[in-house]
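Input sequences plus hints: build the corresponding full structure.
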Amino acid sequence: MTYRSSRFLPFPPPFESAEQEDHCQYSEGRRPMAPKDRKPHVSRNPDLIRGVGKYSRSKMYHKRGLWAIKAKNGGAFPKHEKKAVAAAPAEKPPKFYPADDVKKPLVNKRKARPTKLRASITPGTVLIILAGRFKGKRVVFLKQLTSGLLLVTGPFKINGVPLRRVNQAYVIATSTKVDISGVNVEKFDDKYFGKKVEKKKKKGEGEFFEAEKEEKNTLPQDKKDDQKTVDAALIASIEAVPDLKSYLGARFSLKAGMKPHELVF
Amino acid sequence: MPFKRYVEIGRIALVNYGKDYGKLVVIVDVIDQNRALVDAPDMVRGQMNFKRLTLTDIKIDIKRVPNKKTLIAALEAADVKNKWESSSWGRKLIVQKKRASLNDFDRFKIMLAKIKKAGVVRQELAKLKKETTA
Numbered sequence: 255m256t257y258r259s260s261r262f263l264p265f266p267p268p269f270e271s272a273e274q275e276d277h278c279q280y281s282e283g284r285r286p287m288a289p290k291d292r293k294p295h296v297s298r299n300p301d302l303i304r305g306v307g308k309y310s311r312s313k314m315y316h317k318r319g320l321w322a323i324k325a326k327n328g329g330a331f332p333k334h335e336k337k338a339v340a341a342a343p344a345e346k347p348p349k350f351y352p353a354d355d356v357k358k359p360l361v362n363k364r365k366a367r368p369t370k371l372r373a374s375i376t377p378g379t380v381l382i383i384l385a386g387r388f389k390g391k392r393v394v395f396l397k398q399l400t401s402g403l404l405l406v407t408g409p410f411k412i413n414g415v416p417l418r419r420v421n422q423a424y425v426i427a428t429s430t431k432v433d434i435s436g437v438n439v440e441k442f443d444d445k446y447f448g449k450k451v452e453k454k455k456k457k458g459e460g461e462f463f464e465a466e467k468e469e470k471n472t473l474p475q476d477k478k479d480d481q482k483t484v485d486a487a488l489i490a491s492i493e494a495v496p497d498l499k500s501y502l503g504a505r506f507s508l509k510a511g512m513k514p515h516e517l518v519f
Numbered sequence: 032m033p034f035k036r037y038v039e040i041g042r043i044a045l046v047n048y049g050k051d052y053g054k055l056v057v058i059v060d061v062i063d064q065n066r067a068l069v070d071a072p073d074m075v076r077g078q079m080n081f082k083r084l085t086l087t088d089i090k091i092d093i094k095r096v097p098n099k100k101t102l103i104a105a106l107e108a109a110d111v112k113n114k115w116e117s118s119s120w121g122r123k124l125i126v127q128k129k130r131a132s133l134n135d136f137d138r139f140k141i142m143l144a145k146i147k148k149a150g151v152v153r154q155e156l157a158k159l160k161k162e163t164t165a
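Heads up: the sequence lines are chains C and R, in that order. Just so we're aligned, residue 255 is where the first sequence starts under my numbering, counting upward by one. Just so we're aligned, residue 32 is where the second sequence starts under my numbering, counting upward by one.
Certain hints may be false.
[As the list claims (entries may be wrong)] Quick list of simulated restraints, FRET-style, between CB atoms:
1. 518(C) with 120(R): 20 to 28 Å
2. 496(C) with 157(R): 22 to 30 Å
3. 128(R) with 366(C): 29 to 37 Å
4. 306(C) with 126(R): 58 to 66 Å
5. 433(C) with 128(R): 48 to 56 Å
6. 82(R) with 360(C): 56 to 64 Å
7. 128(R) with 496(C): 23 to 31 Å
8. 126(R) with 304(C): 51 to 59 Å
Everything labelled a hint here was simulated from the structure, so no lab data went into it. Treat the numbers as computed from the prediction; the structure is a model and nothing was measured. For glycine and all other residues, C-beta sits at the position ideal for the given N, C-alpha and C.
Here it is as structure tokens:
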């Protein structure tokens, strides 16, 4: 229904100068619209039922004031001059045409973005981890990383869960929130948690048997310090709430009579 | 053995099935052998099968099909809400609702409180046992 979309406001703002007012013959007290002034206009043609407007084409022509615009322009609708299109350089016909038609892949306009975060998960929420080494542990949610995974911490001193990434799908969000305002999590991103790339050594024959034993698995000191700084602020706000510390230290489990679909978390 | 709670105009009943499950309604008129006209302050007056209602002990004094204002005034005068909430049936329902709405953290706190209470009870019991055996 292109004829319905009106590009013109009924009452544009008043004139900025007397000059502008003089130029206008038909629009009394209105100034010519600059392109960026235009607000999206509601249809002037109300629906009788869906698909049928109240006014006919000729009535709408009159309502939109196209007669006035034409009259102002001397009988024809005002045209913009077409912008000069730079002449494309002359293309030579190709020397080679492939024998079979090559199919073009379909266009894909998807944008990669982090997984949609459940509304119940906000910074400071206590989550219950459901799978992995720490299943059943109650942890504090810090932020969502760009990969979509959730950054989470025990705190380590309370339940042994370090700064860790966890997938939203393996988590139950409780409605308990911890005050997380004193914690700075800016520096943590997916690269922080990525596996360290080891330099490849040229293996000689003798080294085959010795090199494997040298693997060190200790955590670097700066990661331990990061854990401590994050946890210090958190533990302070956790201890402010009675029983919250022992709550986070305990694991969750289903007991007799607990029906997960009826439980409120 | 004889019946004590009768279907009569002014009898308060609990809805046990359907959209208004758990609400207290007043029987305002009897339509036929199976249905009653019921009304409550927060619902539009309508018919309900007796099978959807469970009669309570509470009865208020109203005429057949009062208007909403009169009904609400009669409910206030008889103090139905407090009578219901202090009755053992009413209290049980309140506790059930509270238990169903408990948070995971709340359940944890209740567990701690239960253990504490059990500990205190056991201590007292041990004291009493000592006294009787001694």
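Name the hints, by number, that the structure is in violation of. 3, 5
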